[in-house]
Amino acid sequence: MFEEKGSELPDFLVAVYRHFELQYPKFHKMDYLSKLGWLANEILLQDVFDKEKYKPEDIGIVLSNANSSLDTDIKYYETTKTIASPAQFVYTLPNIVIGEISIRHHFKGENAFFIAEAFDAGFMEQYIGNLINNNILQCCICGWVDVLDKNYNATLFLIEKDKSANSVNFTKENLTKIYQLQNG
Amino acid sequence: MDKLMSDLKTQIIAQLNLQDTKPEDIGDDQPLFVEGLGLDSIDALELIVLLQQQYKIKLSNAEDGPKVFKTVRTMAEYITAHQPQNA
Amino acid sequence: MLNSSEPVFVAGTGIISAIGNRVAECLDALENGRAGMGQMHYLQSAHSKRLPVAEVKLSNEELAQLAGLPNIKSRTALLSLVAATEALAAAGIENIKDLRTGFISATSVGGMDKTENFFTGFLSDNSKGKLRDVINHECGSVTELVADALGIKDYITTISTACSSSANAIFLGARLIRNNIVDVVVAGGTDSMARFTLNGFNTLMIVDEQFCQPFDENRRGLNLGEGAGYVVLVSDKVAATLKNKPAIILSGYCNANDAYHQTASSPDGIGSFLAMSGALQKAGLKPEDIDYINLHGTGTQNNDIAEGTAIKRLFDPHYPKMSSTKTFTGHTLGASGGIEAVFSVLALQHGIIFPNLRLQTPMVDLPFVPERALVKNVKVKHVLSNSFGFGGNCSSLIFSKVES
Numbered sequence: 001m002f003e004e005k006g007s008e009l010p011d012f013l014v015a016v017y018r019h020f021e022l023q024y025p026k027f028h029k030m031d032y033l034s035k036l037g038w039l040a041n042e043i044l045l046q047d048v049f050d051k052e053k054y055k056p057e058d059i060g061i062v063l064s065n066a067n068s069s070l071d072t073d074i075k076y077y078e079t080t081k082t083i084a085s086p087a088q089f090v091y092t093l094p095n096i097v098i099g100e101i102s103i104r105h106h107f108k109g110e111n112a113f114f115i116a117e118a119f120d121a122g123f124m125e126q127y128i129g130n131l132i133n134n135n136i137l138q139c140c141i142c143g144w145v146d147v148l149d150k151n152y153n154a155t156l157f158l159i160e161k162d163k164s165a166n167s168v169n170f171t172k173e174n175l176t177k178i179y180q181l182q183n184g
Numbered sequence: 185m186d187k188l189m190s191d192l193k194t195q196i197i198a199q200l201n202l203q204d205t206k207p208e209d210i211g212d213d214q215p216l217f218v219e220g221l222g223l224d225s226i227d228a229l230e231l232i233v234l235l236q237q238q239y240k241i242k243l244s245n246a247e248d249g250p251k252v253f254k255t256v257r258t259m260a261e262y263i264t265a266h267q268p269q270n271a
Numbered sequence: 272m273l274n275s276s277e278p279v280f281v282a283g284t285g286i287i288s289a290i291g292n293r294v295a296e297c298l299d300a301l302e303n304g305r306a307g308m309g310q311m312h313y314l315q316s317a318h319s320k321r322l323p324v325a326e327v328k329l330s331n332e333e334l335a336q337l338a339g340l341p342n343i344k345s346r347t348a349l350l351s352l353v354a355a356t357e358a359l360a361a362a363g364i365e366n367i368k369d370l371r372t373g374f375i376s377a378t379s380v381g382g383m384d385k386t387e388n389f390f391t392g393f394l395s396d397n398s399k400g401k402l403r404d405v406i407n408h409e410c411g412s413v414t415e416l417v418a419d420a421l422g423i424k425d426y427i428t429t430i431s432t433a434c435s436s437s438a439n440a441i442f443l444g445a446r447l448i449r450n451n452i453v454d455v456v457v458a459g460g461t462d463s464m465a466r467f468t469l470n471g472f473n474t475l476m477i478v479d480e481q482f483c484q485p486f487d488e489n490r491r492g493l494n495l496g497e498g499a500g501y502v503v504l505v506s507d508k509v510a511a512t513l514k515n516k517p518a519i520i521l522s523g524y525c526n527a528n529d530a531y532h533q534t535a536s537s538p539d540g541i542g543s544f545l546a547m548s549g550a551l552q553k554a555g556l557k558p559e560d561i562d563y564i565n566l567h568g569t570g571t572q573n574n575d576i577a578e579g580t581a582i583k584r585l586f587d588p589h590y591p592k593m594s595s596t597k598t599f600t601g602h603t604l605g606a607s608g609g610i611e612a613v614f615s616v617l618a619l620q621h622g623i624i625f626p627n628l629r630l631q632t633p634m635v636d637l638p639f640v641p642e643r644a645l646v647k648n649v650k651v652k653h654v655l656s657n658s659f660g661f662g663g664n665c666s667s668l669i670f671s672k673v674e675s
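Protein chains in written order, with the working numbering: chain A, 1 to 184; chain B, 185 to 271; chain C, 272 to 675.
Treat the hints with caution; some may be incorrect.
Stated by the list, open to error - Residues of chain A clear of chain C, computed beta-carbon distances all greater than 10 Å:
1) Phe49
2) Ser68
3) Asp73
4) Lys108
5) Glu160
6) Leu181
As the list claims (entries may be wrong) - Straight line, CA to CA, 27 Å or less: simulated DSSO-like cross-link-like pairs of lysine-lysine:
7) C:Lys647 <-> A:Lys75
8) C:Lys424 <-> A:Lys55
9) C:Lys401 <-> A:Lys81
10) A:Lys75 <-> B:Lys242
11) A:Lys81 <-> C:Lys320
12) A:Lys172 <-> A:Lys161
13) B:Lys240 <-> C:Lys401
14) B:Lys242 <-> C:Lys320
15) A:Lys81 <-> B:Lys206
16) C:Lys583 <-> A:Lys81
17) A:Lys172 <-> C:Lys424
Calculated from the structure, these hints are not laboratory results.
Every residue, glycine too, gets a C-beta built ideally from N, C-alpha and C.
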């Protein structure tokens with residue numbers, strides 16, 4: 001059951017893209033990690049986010065995962081047996097997904113990709129809290145985007161300085177609660 | 185030449201994952217890069233791979249890319265001029 | 272508790288690179304114009320005759336001996352341990368056991384150098400190969416091996432943002448100190464040569480078959496290098512307890528996203544511009560205060576024009592002296608920000624500017640020319656170090672000399 005579900009990742013990604021009627025030809029060129037993170041971000045920002053409120057350099061992205069870009073590293077390695085694929089090689093770094101999201105929305109703020117065994121809510125609170133409290137960013141997209149073979153998971157959070165109607169406080173406890181809710 | 189250009193359009197779409205583009209959307213003389221089909225530098229490298237895989241033509245100098253890959257027609261002309269049997 | 276203006280001092284530095292196994296050896300090579308590129312000697316590659324690289328001139332066995340750890344196999348970890356050990360020794364923090372200490376190490380290769388060798392045999396026969404060679408594949412695993420060997424336990428993390436990784440590690444370290452989370456941080460990065468990265472850059476057709484010529488009109492690409500570089504950052508309070516009170520601070524830092532392309536820089540270098548101007552703002556400096564820019568300067572067509580254009584926009588008409596020390600070390604990827612941070616500190620300590628080797632024809636589109644020869648006995652008070660990575664990740668650091 002779980003395997004079946006997982007084996008559909010490429011179809012799942014295209015289905016989400018179609019379902020939300022997204023129009024972005026470059027989507028089809030991305031690797032799975034970028035597609036997954038990019039889609040999750042589109043859904044995250046849909047309806048609730050007004051980027052006009054911010055300067056491009058005030059919007060940052062901090063992501064993490066356990067498997068870096070290993071899924072694409074393996075696929076690139078396969079292509080080197082015949083003719084190595086430049087389009088695959090450009091995705092053999094985890095932070096390219098941040099680049100793809102930034103290109104889409106012209107976000108130019110601070111960005112970093114951390115590799116950890118599991119989602120570390122305490123670290124996110126500390127790190128992004130610092131960026132926001134010190135006025136380095138006014139707004140930050142953060143979370144977990146991981147793909148390896150049949151397993152995948154994207155859980156993103158939108159952190160803004162100003163409280164909005166449906167927002168909850170940016171604390172380790174709330175991040176953990178939401179993350180666990182999303183991931184059973 | 186027309187057959188070659190039509191083949192090329194299908195191959196370009198497959199090689200570059202241009203899922204939202206159909207062969208008939210690409211004009212013979214339409215610029216492939218930037219203002220035309222919106223291809224970028226990585227796509228240029230993928231086109232070099234395409235030439236190598238499909239036509240056994242090796243473009244060793246990436247600087248020649250912009251000339252060769254200007255349009256589908258310039259690509260077809262280059263292939264015709266450099267096909268191994270013509271050499 | 273939080274003091275965002277508290278100075279963060281550089282108490283020690285450590286390097287291993289193609290031009291030397293210690294800081295002193297690297298300085299000697301920089302002063303005497305000795306580049307580290309040459310024919311491939313340690314990496315096994317189909318390109319060994321064609322592509323020059325800047326390798327550390329020691330085998331894995333010799334490195335393990337130098338590091339005092341015969342059981343560590345990954346070259347990335349060995350390079351890291353050698354440089355981090357030197358940095359800690361130079362800092363000479365006697366009561367380090369009583370202080371909260373962090374280790375922030377950047378890498379893009381991780382333990383992949385070993386995995387590659389494992390793969391070759393394993394693919395042809397899955398009973399071949401030792402699994403012990405792949406258990407440290409993951410980047411964070413390399414950091415943990417080295418942290419264990421250094422005895423650092425309080426805060427350990429790995430940053431992976433391609434070629435800007437080390438610069439980001441260093442400024443994360445500064446923030447941890449300013450936020451009173453740690454007292455001492457060893458921050459920088461490490462990358463060993465690997466077939467994966469060499470083949471990858473070769474796939475992108477940006478590897479030079481000759482010795483690279485950054486900021487030359489006729490530049491052809493980069494030479495891949497390897498190494499590790501770390502700085503030991505300490506709080507004001509710790510600095511005051513040291514016998515040799517440090518005289519260099521990390522005064523500014525900034526990261527921005529170019530938001531243009533997965534691997535290429537935007538032609539106008541908007542990300543580089545934002546990173547450099549943000550770092551100046553953080554340091555409270557004006558462009559004309561900068562005495563030297565240690566360029567990212569990879570030698571690719573794209574980087575040098577983007578970086579140069581951003582410098583022109585920010586600095587014109589007051590151009591500081593500039594050079595790319597990748598003309599000595601090659602491009603050491605995830606380690607480059609760490610190695611170049613140490614070079615920036617050396618420029619401040621010794622009042623010297625390193626040459627941009629092999630510069631023949633200056634770029635026609637830029638109104639400035641990097642230094643071609645060593646400049647000695649010059650006032651160097653503020654140094655800007657650039658590191659720009661794939662994913663549009665652009666970082667700049669500023670190191671400054673404080674009056675004692």
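To see whether the hints hold, each was checked on the structure:
1. Phe49: 16 Å, holds
2. Ser68: Violated, since 6 Å does not exceed 10 Å.
3. Asp73: For Asp73 (chain A), whose nearest Cβ neighbour in chain C is about 7 Å away, the distance does not exceed 10 Å, so it is violated.
4. Lys108: For Lys108 (chain A), whose nearest Cβ neighbour in chain C is about 5 Å away, the distance does not exceed 10 Å, so it is violated.
5. Glu160: 18 Å, holds
6. Leu181: 26 Å, holds
7. C:Lys647 <-> A:Lys75: 50 Å, violated
8. C:Lys424 <-> A:Lys55: Distance ~39 Å between Lys424 (chain C) and Lys55 (chain A) Cα, so the pair is violated.
9. C:Lys401 <-> A:Lys81: 23 Å, holds
10. A:Lys75 <-> B:Lys242: 23 Å, holds
11. A:Lys81 <-> C:Lys320: Holds, at roughly 20 Å.
12. A:Lys172 <-> A:Lys161: 16 Å, holds
13. B:Lys240 <-> C:Lys401: Given pair Lys240 (chain B), Lys401 (chain C) is violated - Cα atoms ~39 Å apart, limit 27 Å.
14. B:Lys242 <-> C:Lys320: 20 Å, holds
15. A:Lys81 <-> B:Lys206: 30 Å, violated
16. C:Lys583 <-> A:Lys81: Not satisfied, since the Cα-Cα distance of roughly 43 Å exceeds 27 Å.
17. A:Lys172 <-> C:Lys424: Given that 27 Å is the threshold and the Cα spacing comes to 22 Å, the pair holds.
When held up to the earlier numbered hints, the structure conflicts with 2, 3, 4, 7, 8, 13, 15, 16 and fits the remainder.
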